[in-house]
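Protein chains: 2
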Amino acid sequence: MVSRFRDLAGAALTASVVVGPGDDAAALRTRDDRLLLLTCDMLVEGVHFRREWASGEDIGWKAMAVNLSDIAAMGGEPAAAVASIAMPGDLPAQLASEIAQGLIAAASAHGAALAGGDLVGSPGPVVVDVALTGWVEEGSMLRRHGARPGDAICVTGLLGASAAGLICLREGLTDDGCPELARLLQAHRRPTPRLREAQAIARARLATAMMDLSDGLADDLPRLCAESGVGARIACERLPVDSASASLAGRIGTDALEMGLTGGEDYELLFTCPPAAVSDLAGAVSAATGTAVTVIGEIVEKAGVCFLGPDGRAITSGQGFDHFALGLLH
Amino acid sequence: MVSRFRDLAGAALTASVVVGPGDDAAALRTRDDRLLLLTCDMLVEGVHFRREWASGEDIGWKAMAVNLSDIAAMGGEPAAAVASIAMPGDLPAQLASEIAQGLIAAASAHGAALAGGDLVGSPGPVVVDVALTGWVEEGSMLRRHGARPGDAICVTGLLGASAAGLICLREGLTDDGCPELARLLQAHRRPTPRLREAQAIARARLATAMMDLSDGLADDLPRLCAESGVGARIACERLPVDSASASLAGRIGTDALEMGLTGGEDYELLFTCPPAAVSDLAGAVSAATGTAVTVIGEIVEKAGVCFLGPDGRAITSGQGFDHFALGLLH
Numbered sequence: 001m002v003s004r005f006r007d008l009a010g011a012a013l014t015a016s017v018v019v020g021p022g023d024d025a026a027a028l029r030t031r032d033d034r035l036l037l038l039t040c041d042m043l044v045e046g047v048h049f050r051r052e053w054a055s056g057e058d059i060g061w062k063a064m065a066v067n068l069s070d071i072a073a074m075g076g077e078p079a080a081a082v083a084s085i086a087m088p089g090d091l092p093a094q095l096a097s098e099i100a101q102g103l104i105a106a107a108s109a110h111g112a113a114l115a116g117g118d119l120v121g122s123p124g125p126v127v128v129d130v131a132l133t134g135w136v137e138e139g140s141m142l143r144r145h146g147a148r149p150g151d152a153i154c155v156t157g158l159l160g161a162s163a164a165g166l167i168c169l170r171e172g173l174t175d176d177g178c179p180e181l182a183r184l185l186q187a188h189r190r191p192t193p194r195l196r197e198a199q200a201i202a203r204a205r206l207a208t209a210m211m212d213l214s215d216g217l218a219d220d221l222p223r224l225c226a227e228s229g230v231g232a233r234i235a236c237e238r239l240p241v242d243s244a245s246a247s248l249a250g251r252i253g254t255d256a257l258e259m260g261l262t263g264g265e266d267y268e269l270l271f272t273c274p275p276a277a278v279s280d281l282a283g284a285v286s287a288a289t290g291t292a293v294t295v296i297g298e299i300v301e302k303a304g305v306c307f308l309g310p311d312g313r314a315i316t317s318g319q320g321f322d323h324f325a326l327g328l329l330h
Numbered sequence: 001m002v003s004r005f006r007d008l009a010g011a012a013l014t015a016s017v018v019v020g021p022g023d024d025a026a027a028l029r030t031r032d033d034r035l036l037l038l039t040c041d042m043l044v045e046g047v048h049f050r051r052e053w054a055s056g057e058d059i060g061w062k063a064m065a066v067n068l069s070d071i072a073a074m075g076g077e078p079a080a081a082v083a084s085i086a087m088p089g090d091l092p093a094q095l096a097s098e099i100a101q102g103l104i105a106a107a108s109a110h111g112a113a114l115a116g117g118d119l120v121g122s123p124g125p126v127v128v129d130v131a132l133t134g135w136v137e138e139g140s141m142l143r144r145h146g147a148r149p150g151d152a153i154c155v156t157g158l159l160g161a162s163a164a165g166l167i168c169l170r171e172g173l174t175d176d177g178c179p180e181l182a183r184l185l186q187a188h189r190r191p192t193p194r195l196r197e198a199q200a201i202a203r204a205r206l207a208t209a210m211m212d213l214s215d216g217l218a219d220d221l222p223r224l225c226a227e228s229g230v231g232a233r234i235a236c237e238r239l240p241v242d243s244a245s246a247s248l249a250g251r252i253g254t255d256a257l258e259m260g261l262t263g264g265e266d267y268e269l270l271f272t273c274p275p276a277a278v279s280d281l282a283g284a285v286s287a288a289t290g291t292a293v294t295v296i297g298e299i300v301e302k303a304g305v306c307f308l309g310p311d312g313r314a315i316t317s318g319q320g321f322d323h324f325a326l327g328l329l330h
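The listed protein sequences derive, respectively, from chains R and B. Per the working numbering, the very first residue in the first sequence carries number 1; after that it's consecutive. Per the working numbering, the very first residue in the second sequence carries number 1; after that it's consecutive.
Calculated from the structure, these hints are not laboratory results. Each residue gets a CB set at the ideal place from its N, CA and C atoms; glycine is no exception. Be aware that one or more of the hints could be misleading.
Heads up, incomplete: computed chain B residues facing chain R, CB under 10 Å, no partners named [unchecked claim]:
(1) Leu-38
(2) His-48
(3) Leu-119
(4) Gly-177
Label-pair restraints from in silico Cβ distances [claimed, not checked]:
(5) R:Ala-303 <-> B:Gly-290: 54 to 60 Å
(6) R:Asp-32 <-> B:Arg-238: 42 to 48 Å
(7) B:Ala-11 <-> R:Ala-292: 31 to 37 Å
(8) B:Asp-33 <-> R:Ala-288: 44 to 50 Å
(9) R:Asp-33 <-> B:Gly-139: 23 to 29 Å
(10) B:Asp-33 <-> R:Ala-11: 30 to 36 Å
(11) R:Ala-11 <-> B:Arg-205: 34 to 40 Å
(12) B:Ala-303 <-> R:Asp-90: 31 to 37 Å
(13) R:Arg-4 <-> B:Gly-177: 33 to 39 Å
(14) B:Asp-175 <-> R:Gly-139: 52 to 58 Å
(15) B:Arg-50 <-> R:Ala-11: 25 to 31 Å
(16) R:Ser-286 <-> B:Leu-206: 56 to 62 Å
(17) B:Ser-243 <-> R:Glu-137: 40 to 46 Å
(18) B:Ile-252 <-> R:Gln-94: 36 to 42 Å
So here's chain R without its partners, still in its complex pose:
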């Protein structure tokens, strides 16, 4: 379906569209050396959030954050957003205000603004759709294609925290003053887009491809590889799985590795670069933000993504994991 959309839209692009459907954001030519970035993401109640688990402000924050993350993934700086909200007339009007406050809070925290919107009635679930613009120097823009055999595969930060937060919500675990649980819940409810990290990577002009991790490494890395026409080998013991997430996995009899591989909504950055550039890039990110960069594998020529266990044998290839957090109804 997505590829069908891409074919349809791709056949009718105008000359000003430098990047069309299929990447984290579209890019349009302007009259100066910057490109205009444009992205959208829609959150649907019951699929992407539940009102029992998230306040209106949480919902708004997340709707904006996932779009900020898309602009980050292109190496850009966010500018202004518009947001549409559909909600039943029998819900309190206060909910729309709270969602707007969350949208604005996330935008403001990252140098962007909510510049307009549309509020409509609906007989169905609450729907929040955000479209966000951004700017990127053409020479700094990073795309999903560009990864080359031999490149190191890197991620920022830690994986699995958002999935663990979702598990807490599903299991009815409250933080009860435990800072680790509170952090997992926060990671799920109020993800932090890696804008400054992404800009540090983009400015260094050493990375070859980048995207954000929204659906989990096991789903997202194959997309980057497909766009780049390459394959990948991941050394699973290198995955920077969040420690509280790993410990929660132990408590509920789940594999910590699986949480790191398939937990969605971390919004960390996945990028590739020549091995010789790793230390410069990791240094630039750390100096700008304090966020760690971890090398988790390498790009190979042969198509397909191989996840290798500690014994060096493939755990599985590409799809086939259970998914924690791709959607509440999935």
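Keeping the supplied structure of chain R fixed, place chain B upon it in accordance with the hints.
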């Protein structure tokens, strides 16, 4: 609610936002003398369309057209759009393709492109949200504020055709080869955004305020007046009510005037200008597009909108009409 949103967002705008919430589109400063326009509009099944009455392509066309109309209303040229579609998993995937085709057809017909999108599952009605960017020379941009006492109030084209098309659908009238009915149905299903007309008006730099007619004159004119801090007097006998719409009104025992005043979704342009500029503006629009411009009243100092009947007495003031086409569920 909308004003609450405006207050919330307005307090957190960044310096680059020249026009924030409350106009047809937001406007952002760029590095050249053009402003970037950004708008969004969301259509919800059962509120804004019914699948029994509109094909997927009609739905997509309309979702794009209403956004193109917002860019027109600012005097801008559309550039690229992103679209999010939510739909239940049990609907045929073909529907999403058809909606995408409609989105692309409307964009392509007006020099714009669909540059990206998001397709998500939903337990609720089909929702289509489009966000569209555009460009406008700063000196040519038209806003809802700016109308001054003494200005002539003008509309492009004819009013009431879309409302009449909706009545046909409600009453189960088919065109049966009748070109007039077919035209009314087309006006409702596939509205034409007045981009070229709007650009001719904007380029002339003679108009003082402009907006598009999405909810009907009786609702929209008070908005323009409120933004401009003025009032208006409309001579109702001057309203250019579509003749087929008027004749349908007669057949079903409705007032043609009411259809012209309160019928929504015409997407004609409502603008104001000094009386001396009317003939130049009407000439520019007609020369560029063949579309007629009609003077329907004048801006006055005193707040409030007065609709005057043929006898010169007020029919009603501002709100208070029955509404034909503000929404299927309204």
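Okay, the hints, checked on the actual structure:
1. Leu-38: holds (6 Å)
2. His-48: holds (7 Å)
3. Leu-119: holds (6 Å)
4. Gly-177: violated (32 Å)
5. R:Ala-303 <-> B:Gly-290: 54 to 60 Å: holds (55 Å)
6. R:Asp-32 <-> B:Arg-238: 42 to 48 Å: Since the Cβ atoms of Asp-32 (chain R) and Arg-238 (chain B) sit about 46 Å apart, the hinted range of 42 to 48 Å holds.
7. B:Ala-11 <-> R:Ala-292: 31 to 37 Å: holds (36 Å)
8. B:Asp-33 <-> R:Ala-288: 44 to 50 Å: violated (33 Å)
9. R:Asp-33 <-> B:Gly-139: 23 to 29 Å: Holds, at about 24 Å.
10. B:Asp-33 <-> R:Ala-11: 30 to 36 Å: Once the Cβ atoms are compared, 33 Å apart, the range 30 to 36 Å for Ala-11 (chain R) and Asp-33 (chain B) holds.
11. R:Ala-11 <-> B:Arg-205: 34 to 40 Å: Holds, at about 37 Å.
12. B:Ala-303 <-> R:Asp-90: 31 to 37 Å: For Ala-303 (chain B) and Asp-90 (chain R) the Cβ distance comes to about 33 Å; the hint holds.
13. R:Arg-4 <-> B:Gly-177: 33 to 39 Å: holds (35 Å)
14. B:Asp-175 <-> R:Gly-139: 52 to 58 Å: holds (55 Å)
15. B:Arg-50 <-> R:Ala-11: 25 to 31 Å: Taking Cβ atoms as reference, Arg-50 (chain B) and Ala-11 (chain R) lie about 29 Å apart, which means the hint holds.
16. R:Ser-286 <-> B:Leu-206: 56 to 62 Å: Once the Cβ atoms are compared, 58 Å apart, the range 56 to 62 Å for Leu-206 (chain B) and Ser-286 (chain R) holds.
17. B:Ser-243 <-> R:Glu-137: 40 to 46 Å: violated (55 Å)
18. B:Ile-252 <-> R:Gln-94: 36 to 42 Å: holds (41 Å)
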